[in-house]
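Novice: As a plain string of letters, each chain reads:
Protein chains: 2
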Amino acid sequence: MLKYQHIANEIEKYIEDHALKQGDKLPVLEKLMTQFGVSKSTVTKSLDLLEKKGVVFQVRGSGIFVRKHKRKGYINLLASQGFKNSLEEFQLTSEVLQLKVTKPTQEAAVNLNVELNQDVYYVKRIRYIHGQPLSLEESYFNKAIITYLNKEIVAESIFNYITEGLGLKIGFSDTFLHIGKLNEEEAKYLELEKDEPKLEMESVFHLNNGQPFDFSKVTYNYQQSQFFVQASSYSL
Amino acid sequence: MLKYQHIANEIEKYIEDHALKQGDKLPVLEKLMTQFGVSKSTVTKSLDLLEKKGVVFQVRGSGIFVRKHKRKGYINLLASQGFKNSLEEFQLTSEVLQLKVTKPTQEAAVNLNVELNQDVYYVKRIRYIHGQPLSLEESYFNKAIITYLNKEIVAESIFNYITEGLGLKIGFSDTFLHIGKLNEEEAKYLELEKDEPKLEMESVFHLNNGQPFDFSKVTYNYQQSQFFVQASSYSL
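If you read the sequences in order, they're chains A and B. At position 30 of the first sequence the residue is numbered 30 (UniProt numbering), and the sequence of numbers has no breaks. At position 140 of the second sequence the residue is numbered 140 (UniProt numbering), and the sequence of numbers has no breaks.
These aren't lab readings, by the way, just hints derived from the structure by calculation. Some clues are possibly wrong.
Since copy identity is lost for identical chains, a pair holds within one copy or between any two.
Unchecked claim - DMTMM-like, lysine to aspartate or glutamate: derived pairs with alpha carbons at most 25 Å apart:
#, residue 1, residue 2
1, K21, E115
2, K68, E138
3, K143, D24
4, K181, E191
5, K194, E184
6, K68, E202
7, K72, E200
8, K217, E200
9, K68, E12
10, K21, E202
11, K68, E107
12, K169, E10
13, K25, E115
14, K124, E186
15, K72, E115
16, K217, E196
17, K143, E202
18, K72, E107
19, K103, E200
20, K217, E152
21, K169, D48
22, K68, E115
23, K21, E107
24, K52, E10
25, K72, E10
One chain only, chain A, in its complex shape (with noise of 0.2 Å):
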């Protein structure tokens, strides 16, 4: 971790630590300075990275103020670890269904960018939240970048295998989201029955070189989840 991320967790601390609501400003950049014992350039790197983050924002010769929305309960559609974020208070478990090296579908090849003889990992979960089934997961990963892959490993995080284990850097993700009605197994698996509503989020995982390692489809049950997904002004 570079030191200006290392700060930037810092400063998230110390917002959680003081309690400080959206709206509330942050000490002027000298202070955060001495306070963390950084030059100035370090702690302007670390709040250009909370803004994208979407802790802080900033207001031109007015100062840094938190950035913080009040509802709890929300997975964040723009992180890949929205589970261990988002919903880190509530309890999660997983039950691995299948875990096997196979030849990717037809879609997955196009997604991975893989040919269709090539080997993949295919993983199958289901995520509970308190017990409840969250959502169903099936995953396609290209073997020739994440090598090696178990069931214990896919009990856990595989993304933080990945950037750990294997010591990968990811890049950027595209989500793709479709409502839709349940089939019948996909209801079997939710506890839900089959046409009540459903929300399909298909992702592609890219490296920090551009190449997809990780194309998943995520079927969730509509009565335990809710998202949310935070804008800057570049985007607006």
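Dock chain B against chain A, hints included.
Specialist: Just chain B now, kept in the frame of chain A:
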């Protein structure tokens, strides 16, 4: 518009004009400087903006590459002008059902940070895509900030009017998504059956000084709408 924003638009246009695809490499920095006749710092700022917007990704020591998903007809969850930007190839129209000055609901007052006896504009619209109902929208605008609206404005883009007509700067938004079942009124407007799936999207838009000015609830026709969201390394 600042110079680097203008150059960012030019680079986006270059990507379009040359039909560049995901993973295609952009010209090197020096070439972009010459091509657009600007300094290195301007090109760098333009590229940073395009990276934030999800248009390019930068690989250290290797170059700048185009980032572009292959799917069409998806509404960008990170854009307030989602329709205009994501669905511009489609024929979109609006029908204004109601426009009035009124007092906010409890929920609107909390989200707009106003008192219950303050004035707000209330706007109710249906959006159509190719003549099919796409969404039912209810919006509350803080009248102390959005001082004037009329039928003509709300039939077009309210956000264009806010930025260009009123000269206000939009800062950031928080959006909350729920999946549920249509009630009778929603089903009628969206020409679906009661209890069919819906996506309900609540957004709070803030000025660049942090003040919330717009609280909107949008109910989508699940048969006409699909969504995408791009994430970058800082959020993953």
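Novice: Within, between, both or neither: how does the pair K25, E115 come out at a Cα-Cα threshold of 25 Å?
Specialist: between (53 Å within a copy, 23 Å between copies)
Novice: Please sort K169 with D48 into within, between, both or neither, judging by C-alpha distance up to 25 Å.
Specialist: both (20 Å within a copy, 19 Å between copies)
Novice: Checking an output row: K103 and E200, CA cutoff 25 Å. Within, between, both or neither?
Specialist: So K103 and E200 pass the 25 Å test inside one copy only (23 Å; across, 37 Å).
Novice: Quick one: K217 to E196, C-alpha cut-off 25 Å, is that within a copy, between copies, both, or neither?
Specialist: Classified as both: same-chain Cα gap 18 Å, cross-chain 22 Å, threshold 25 Å.
Novice: Pop the pair K194 and E184 into one bin, within, between, both or neither, using alpha-carbon distances up to 25 Å.
Specialist: both (5 Å within a copy, 21 Å between copies)
Novice: Indicate which option fits the pair K68, E202 if close means a Cα-Cα distance not exceeding 25 Å: within, between, both or neither.
Specialist: Answer is between: at 16 Å across copies they meet the 25 Å cutoff, but 27 Å inside does not.
Novice: Between copies, within a copy, both or neither: which fits K21 and E202 at Cα up to 25 Å?
Specialist: Classified as between: cross-chain Cα gap 20 Å, same-chain 33 Å, threshold 25 Å.
Novice: At most 25 Å between CA atoms: does that hold for K68 and E138 within a copy, between copies, both, or neither?
Specialist: Classified as between; 24 Å across copies, 32 Å inside a copy.
Novice: Within a copy, between copies, both or neither: where do K143 and D24 come within 25 Å Cα-Cα?
Specialist: between (47 Å within a copy, 24 Å between copies)
Novice: First find the shortest C-alpha distance between K68 and E115 inside one copy, then the shortest across copies, and answer within, between, both or neither for a cut-off of 25 Å.
Specialist: between (44 Å within a copy, 20 Å between copies)
Novice: How do K68 and E107 come out at 25 Å by Cα distance, when the copy is not named: within, between, both, or neither?
Specialist: between (38 Å within a copy, 17 Å between copies)
Novice: At most 25 Å between CA atoms: does that hold for K72 and E107 within a copy, between copies, both, or neither?
Specialist: between (35 Å within a copy, 16 Å between copies)
Figure legend: structure checked against the earlier numbered hints; every hint is met.
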